[in-house]
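**Q** Sequence lines, in order, name chains A and B.
Under this note's numbering, the letters of the first sequence match residues 202 to 404, in that order.
Under this note's numbering, the letters of the second sequence match residues 202 to 404, in that order.
Treat the hints as calculated values from the structure; they're not laboratory data.
Errors might be hidden in some of the hints.
Taking lysine-lysine and the DSSO-like style, the derived pairs with C-alpha atoms no more than 30 Å apart in a straight line are [to be verified]:
{"hint": "1", "chain 1": "B", "residue 1": "Lys275", "chain 2": "A", "residue 2": "Lys263"}
{"hint": "2", "chain 1": "A", "residue 1": "Lys275", "chain 2": "B", "residue 2": "Lys333"}
{"hint": "3", "chain 1": "A", "residue 1": "Lys333", "chain 2": "B", "residue 2": "Lys333"}
{"hint": "4", "chain 1": "A", "residue 1": "Lys263", "chain 2": "A", "residue 2": "Lys333"}
Bear in mind the structure is a predicted one, so any value in this text is a computation, not a measurement.
Spelled out from the first residue to the last, the chains are:
There are 2 protein chains.
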Amino acid sequence: MSETAIAYDERMGRWEPDAQGRLQQAAMELYLERGFEQTTVAEIARRAGLTERTFFRYFVDKREVLFLGADGLKTLLVEATTAAPATTTPIEAIGAAIVAAGAMLQDRAEFSHLRQTVINANPSLQERELIKLASLATALAAALRERGVSEPAASLCAEAGVAVFRNGFERWHQASAKDDLPTLMQDSLDQLRAVTAATPSHG
Amino acid sequence: MSETAIAYDERMGRWEPDAQGRLQQAAMELYLERGFEQTTVAEIARRAGLTERTFFRYFVDKREVLFLGADGLKTLLVEATTAAPATTTPIEAIGAAIVAAGAMLQDRAEFSHLRQTVINANPSLQERELIKLASLATALAAALRERGVSEPAASLCAEAGVAVFRNGFERWHQASAKDDLPTLMQDSLDQLRAVTAATPSHG
Chain A
202 MSETAIAYDE RMGRWEPDAQ GRLQQAAMEL YLERGFEQTT VAEIARRAGL TERTFFRYFV
262 DKREVLFLGA DGLKTLLVEA TTAAPATTTP IEAIGAAIVA AGAMLQDRAE FSHLRQTVIN
322 ANPSLQEREL IKLASLATAL AAALRERGVS EPAASLCAEA GVAVFRNGFE RWHQASAKDD
382 LPTLMQDSLD QLRAVTAATP SHG
Chain B
202 MSETAIAYDE RMGRWEPDAQ GRLQQAAMEL YLERGFEQTT VAEIARRAGL TERTFFRYFV
262 DKREVLFLGA DGLKTLLVEA TTAAPATTTP IEAIGAAIVA AGAMLQDRAE FSHLRQTVIN
322 ANPSLQEREL IKLASLATAL AAALRERGVS EPAASLCAEA GVAVFRNGFE RWHQASAKDD
382 LPTLMQDSLD QLRAVTAATP SHG
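One chain only, chain A, in its complex shape (with noise of 0.2 Å):
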């Protein structure tokens, strides 16, 4: 997302090294100083030192700064799922998908927790965030069905992949302490299994 790239500015009259992260950084600043809502291209371009063309030679409108990584891990939990060996069961190509998943998040730290925080603060950005997330789940639904897996335990399996996935996430996001998200996304996953395998005690 942030790869170096350069771009010419046709306000400052020179080729601009990083003008996507440049961007990237400002937009996020401004999220957080004044609000989603309130933050308008122009204001981000301004503080990047660049002009709304530049922008949107990069993003489509000013949420795709939050969402445009999306697609990357959508496509790293699908690829990851996708390569687990064949003999690995459903749940637990799922779950190595997740840990990679982690540790590419965990990569860009603060522009993961960055980009939580805003959108926590904005519930129009936690509905974008509920329908990539469903998206998603559908994807790796499709990705277990190739991999031999019928339904419904193909969806189920996603569904729970994508609870998965939220908690460790939201668990990294809210400790004060710098837990590893990898290890957090793994101690999810066997959480689920074990409330979901528990039966009753009779006694």
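Got chain A; can you put chain B on it based on the hints?
**A** Okay, now just chain B, sitting in the frame of chain A:
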């Protein structure tokens, strides 16, 4: 939702039995015929032989015709989770609640199917449904914490339960055969438990 209420209708100049039920029926017919967005409250009232003022005595807006029952469903699910015997495991308490909710929705099968058809045809209603389901998971997690279940197990179990509820309902809605909804809910629960419990086959 379709309680037998008596309402005085200003246009007809007489008391109308079950005005709410007639408004709901008229609204569903119009949503299916013309689409949700294209239907106005004035048209709903006209179709029901009532006034707009009567409509607004029962519903805040035309969307509430579809979502008023969701609060009753949430209450039923939370109360059933709370009412499960103390020895019941978290997933079984949630499971019993989901099966009870399935029985309630089957009692109003025609409305339940029509409602889902209307929602499936409209992205903004689907978003609303996702928000309602997220709020349902939050309420079920709180009910489990009241039972002494700790976090993150409570949230994970609640999310898994909502996934089962959606899955069971979707299977029932899509089935051409007249399957029994409580049975499908139980089957989806069993399949979730089986797929998340599965350990690798070493052979």
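**Q** Among all the numbered hints in the text so far, which are the ones the structure does not match?
**A** 1
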